[in-house]
Amino acid sequence: MKKRVFITSIVVSILFVFTFLLAASWGSYSISFGDVIKTFFGQGSLLQRTTIWDIRLPRICVAIVVGVCLSTAGCVLQSVTRNELAEPGMIGINAGAAVAVVLLISYGSTSYYDTIGDVALFVMPIAAIIGALLSGFLIYFLSYKKGVSPTRLILTGIGVNVGINAFISLYQLNMSKGDYNQVLTWTSGSLWGSSWKFFWLVTPLAVVFLLLIMWKAKILDVMDLGDEIATGLGVKVERERRKLFFYAIVLAALATSVAGNIAFLGLLGPHIAKRLVGPVHRRQIPVAAGISSVIIILADSISRNAFSPIEVPAGIMIAIVGVPYFIYLMLRE
Amino acid sequence: MEAIEVKGLDVAYEHKYIIKNMNLEIPKGKITMIIGSNGCGKSTLLKSIARILTPRKGEIKLNGISIKEQAPREIAKKMAVLPQSPIVPSGLLVKELVSYGRFPYQSALGGLKQEDIDKVNWAMEVTGIADFADRAVDSLSGGQRQRAWIAMALAQETEILVLDEPTTYLDMAHQFEILLLLQKLNREQNRTIVMVLHELNNATKFADNIVGVKDGNVVFKGKPLDVITKENLYTLYGIDAKLQVDETNQYPICVDFDVRR
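Here the protein sequences come in this chain order: D and U.
Numbering-wise, full-length UniProt numbering puts 206 at position 206 of the first sequence, and it's gapless, one number per residue.
Numbering-wise, full-length UniProt numbering puts 237 at position 237 of the second sequence, and it's gapless, one number per residue.
Pairs of lysine to aspartate or glutamate, EDC-like flavour, derived with a Cα cap of 20 Å:
#, chain 1, residue 1, chain 2, residue 2
1, D, K146, D, E240
2, U, K221, U, E165
3, D, K146, U, D10
4, U, K78, D, D227
Calculated directly from the structure, the hints in this document are not laboratory data.
From a predicted model like this one, the values you see are computed outputs, not experimental measurements.
From just these sequences and the hints, can you work out the full model?
Below, the structure is given as structure tokens:
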């Protein structure tokens, strides 16, 4: 197992570096790998520096944060609900963020990112975070009945998800075309507005909650064995479940706030990691984070370039890869 | 002193009382088997002792101290609990599962110390699963898997072991093997073992102390030879049992029975 973990870490790291360079070099203005590396070390032409430092790098960095957050939230939710298919998109957390954004777009101004100031720029992510937190609390509250059972938590989540999505559709039907497209891009999950500002908005909080989750990695491990065993081993199951659920919501909210509703990422990374290095969280979480980052950077690069000048939301690219894998998982179980 | 003491215990699901005013002492260093018909409250009793259910009333003491007054981790160092058919995360290796038994002794970020590794290896050795250490738990057979769980409970290094039907889904030979293992742990290391068991003849053979539970109350308790009588079995299960004593005169055997109508 040690050898396997070692090999996996190396392979994932190499893939990560490769996709990172690919994303930095591939675009409507191509830059060779050599020039990308030169630019990182302060050389390169002004055009290269601007393209990489101001346009591509912030987008890649936001993608990484989003990948890491969604993947970790997925790992946590799968253990907390003890359901292999749990992920932030499925149990209504992303939908909560989406509904907040939809309401904001339909009632707010019609101005778009580049013409508005910093305050307005941050309104959308903050609305998304609040929306996600609210739906998270709603799910927990609705499934609470002298404690929260994992099954009830996930079923309530799925119910809330369907309800919120119906509500979103209702609003979308009454929207102007511009608003509708903006909402659609957002709910499909896209990194189109990424800038350093977004990166700095979500990263500090994301790091705090990622550390908190790593701190609880052993508790997640024993919670996988069921409430009874975990209790027997001295875990205050109810309290820990509440905390971990909250941490997962925050991470999902942060990711959704800048990238919209990226489905399947919280499922793909954790499952591939589990296959590779097993279900022990102190190994699974980092490997899953690495894999998810690779997937999202790659998906975003393809969605930026494959149908250029039209940009396909990265979430759709991931779903195209995700759905077959999802079905494969179902067939295997 | 008693290992576990239950006083005036009331346990209920919603409005239905499963256990009403139960008193019970479980002696130290002995094997205690709890028997009774389905739904009599024996598993509920075990779950209350294991802190999975919160009693409505009454007190449960562990080594003379109420479990409410002890930190969960401290209790986990004194008492290990193995529920009925626990969940195995797919892909988890045997040695990893067993090492989870060291959870109460570990800090949040620290790895396994040498002492932990020694205990884990010892637990796998005693239960005879050391050869499977690097195999996934979900690839093992029922008997091997049950031994892996017992190894995890052993790695927890507690003087009390609580098990809920540890032999379910196992064939006769494997049932016997598990009970023999538990007996060995009791005899050689003086561990207190409490378990719920369905097979009466296994219970009488391996128990030092048998507790009969009916409708949430203790109807008899004591040595198998003293308490496994025709009358008691009728009270407990409503059966007419034909009893014999084994060749060594140590435990009763139920050779046949009929349901009284």
